[in-house]
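Top to bottom, those sequences are chains A and B. Counting in the working numbering, the first sequence runs from 1 upward without gaps. Counting in the working numbering, the second sequence runs from 1 upward without gaps.
Keep in mind that the hints were calculated from the coordinates and are not lab data.
Computed beta-carbon distance windows for the label pairs: (1) B:GLY145 / A:LYS144: 52 to 60 Å; (2) B:LYS108 / A:GLN392: 32 to 40 Å; (3) B:GLU114 / A:GLU411: 49 to 57 Å; (4) B:GLU237 / A:PHE407: 57 to 65 Å; (5) B:TYR210 / A:GLU444: 34 to 42 Å.
The C-beta atom is built at its ideal place from N, Cα and C for all residues, glycine as well.
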Amino acid sequence: MKTATPARKIDSFLDQEYAAGFETLLEADTLPKGLSEDVIRVISAKKGEPEFLLEWRLEAYRRWLTMTAPKWAAVDFPDIDFQDIVYYSAPKKKDGPKSLDEVDPELLKTFEKLGVPLHERARLAGVAVDAVFDSVSVATTFQKELGEHGIIFCSFSEAVKTHPELIRQYLGTVVPPSDNFYAALNSAVFSDGSFVFIPKGVKCPMELSTYFRINARDTGQFERTLIIAEEGASVSYLEGCTAPMRDENQLHAAVVELIALDDAKIKYSTVQNWYPGDKDGVGGIYNFVTKRGDCRGARSHISWTQVETGSAITWKYPSVILRGDDSVGDFHSVALSNHRQQADTGTKMIHMGRNTKSTILSKGISAGHGSNTFRGLVRIAPKAEDARNYTQCDSLLIGDQCAAHTFPTIEARNPTAHVEHEATTSRIGEDQLFYAMQRGLTAEDAVSMIVNGFCREVFKELPMEFAVEAQKLLGVSLEGSIG
Amino acid sequence: MLDIKNLKASVEGKDILKGLDLQVKAGEVHAIMGPNGSGKSTLSQVLAGRDTFQVDGGSVTWDGQDLLAMPIEERARAGLFLAFQYPVEIPGVSNAYFLKAAVNAIRKHRGLPEFDAMDFLTRVKAEMKAVGMKEEFLYRAVNEGFSGGEKKRNEVLQMALLEPRLAILDETDSGLDIDALKVVADGVNRLRSPDRALIVITHYQRLLDYIVPDHVHVLSHGRIVRSGGRELALELEEKGYGWIGDAGQVHAAPPAAGGAQ
Ligand SMILES: Nc1ncnc2c1ncn2[C@@H]1O[C@H](COP(=O)(O)OP(=O)(O)OP(=O)(O)O)[C@@H](O)[C@H]1O
Ligand SMILES: [Mg+2]
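Using the sequences and the accompanying hints, generate a full structural model.
Dropping the structure here:
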């Protein structure tokens with residue numbers, strides 16, 4: 001019988017090729033493998049950094065040497081040999097491109113292939129892009145227009161040169177180097193990333209976005225992102241990531257720091273599509289990331305939205321410190337783990353100010369042999385009067401080999417705290433697919449419809465263009481306007 | 001229109017359909033009755049293409065096509081509709097979205113323009129009224145938390161919207177109150193037309209008071225063991241299945257002592 005089997009259809013649907021898995025051949029300026037104080041000095045010198053930053057790196061490095069890699073996450077992988085990693089690789093170029101015309105055409109082609117057109121005439125409507133290739137930022141668009149509003153949007157290296165005082169003032173104030181093993185490593189060796197500064201009262205007129213691409217072999221990517229919104233400022237920022245398909249695992253250990261002063265609002269969205277490894281779990285990116293936002297000012301608002309479909313292992317807990325009174329923190333997440341992927345992700349909401357409010361909405365999808373863990377911490381400090389948190393964790397299982405776990409932790413040290421938690425688990429069954437197909441839908445449409453319905457509350461938090469991209473990534477098509 | 005010959009099907013090595021023959025012509029309504037576990041739902045799901053059942057032999061021709069070779073959704077698009085004995089819940093997907101996707105998949109296949117949101121709402125609301133469903137059911141997840149009767153009404157609603165050429169209703173009347181029963185019957189009767197055919201699986205002859213079948217069949221142990229007209233249903237109601245005898249003695253005379261089951 002040639003009937004399509006829903007079970008097999010699920011498999012083929014889940015087996016879609018990783019479309020961003022190609023490699024770009026470029027001449028690169030690459031350091032030998034290994035990490036030492038000398039390597040850090042070389043990185044710092046290559047970037048022409050001021051003394052204070054080199055010192056900061058070295059201190060982080062010394063701190064890192066005393067630390068051990070965390071083992072508490074529900075992920076399983078062999079120990080990483082940190083001397084077997086290249087800590088700096090940059091496409092060869094003269095002095096850093098002054099304009100897009102100076103960017104290596106191969107690079108522009110790469111980003112075009114990835115659907116990130118850097119040419120401003122071909123840009124996504126109203127989105128400024130910073131493209132980071134291996135260790136360096138290769139192009140930032142729209143800088144001039146943004147500059148007219150006093151907005152700084154550039155690569156981290158450039159910001160170090162043009163605004164060292166801002167770097168000095170804010171770097172490491174949200175995620176100090178001593179925070180954790182990977183944060184310390186990142187602080188020692190970070191090579192590039194994005195820098196955003198929105199001055200007082202300015203509402204950023206367009207979406208800002210950074211696109212991270214790991215290309216070179218054996219290279220770790222350690223980018224550093226710092227976003228500052230001054231009093232009354234607001235910005236929406238999106239990060240996207242891909243890497244070629246390789247049999248070896250590659251390390252990505254980024255640090256993202258967000259700072260929101262009084263009445264400021266930062267919305268940070270991620271669509272993460274690092275290479276997840278093949279069906280049997282060979283290769284793929286280890287994504288160990290520290291992301292934290294500091295609602296430093298009163299009535300400030302930081303919101304994380306993430307769609308995590310890639311990486312062999314994801315270890316990531318975008319968090320918000322609700323320091324200012326009446327500040328608000330949100331975390332909206334879709335994490336998909338398929339085949340042998342492991343995702344241990346979640347968030348921390350640290351309530352310190354009065355009348356602070358946080359919302360956690362986590363949607364975990366496990367398929368194949370994937371494993372998905374949600375880890376949430378809600379901490380209400382003794383002085384945080386009338387703090388409120390609402391947490392909802394939903395898991396969707398596709399097939400019967402996958403797993404989902406949730407570990408919510410609540411530490412309420414103030415009796416006025418109001419904390420609510422809800423969790424659900426459901427499974428896409430053969431019977432659901434048969435039912436939908438009996439009504440004329442294909443298996444793909446049926447799975448998409450179910451997955452999309454499951455993720456809808458999170459997708460609607462993404463900027464429009466990226467919601468579409470996220471849905472495509474999950475192999476889903478846009479739901480109609482009703483329902 | 002539908003010609004089933006010597007159909008054999010099994011699940012997990014267990015034979016369920018053991019050489020089933022059935023012919024359905026356009027315009028006809030056939031009722032299938034038979035004891036629990038005799039294979040009625042298996043037959044309906046094999047016709048719809050569910051692959052948990054393995055087809056071991058025989059053939060099914062539908063409008064000259066080899067039905068068994070068609071993928072599930074192609075059968076649906078070609079106009080085969082199954083009202084499930086146990087409608088499936090799909091959490092997170094609104095009934096409206098599901099219905100619209102289904103209607104448009106089928107309209108597209110038929111070369112009709114797809115409904116936009118407005119056309120669809122107008123159409124679906126009218127049909128909901130006819131089957132006595134409140135509008136709120138549009139915005140609830142497919143079958144999730146629906147009562148038994150509400151699920152069955154939802155099946156009838158889908159049938160009305162999809163305008164199938166061959167509809168199989170698997171115990172759509174079970175567990176319904178008398179009003180709902182009339183709704184189901186009315187849904188079926190509205191669908192009746194010279195170019196459509198219906199197969200109604202039921203345990204209760206009372207449904208057949210409302211949907212008058214052209215033929216009644218008794219399915220037992222994976223075979224049609226008796227066929228007749230409307231009066232066969234009445235006879236079954238009175239005597240139960242015992243008098244028909246076992247599968248294999250298809251044309252054997254009824255035993256003298258008929259036992260109610
Ligand atoms: N997936 C399955 N696995 C094992 N056995 C099955 C499966 N599906 C059906 N069967 C068996 O096949 C036989 C026929 O089942 P079927 O559902 O077709 O009966 P039915 O005539 O519809 O009964 P009812 O009147 O109770 O609805 C039963 O013995 C049932 O247990
Ligand atoms: Mg049945």
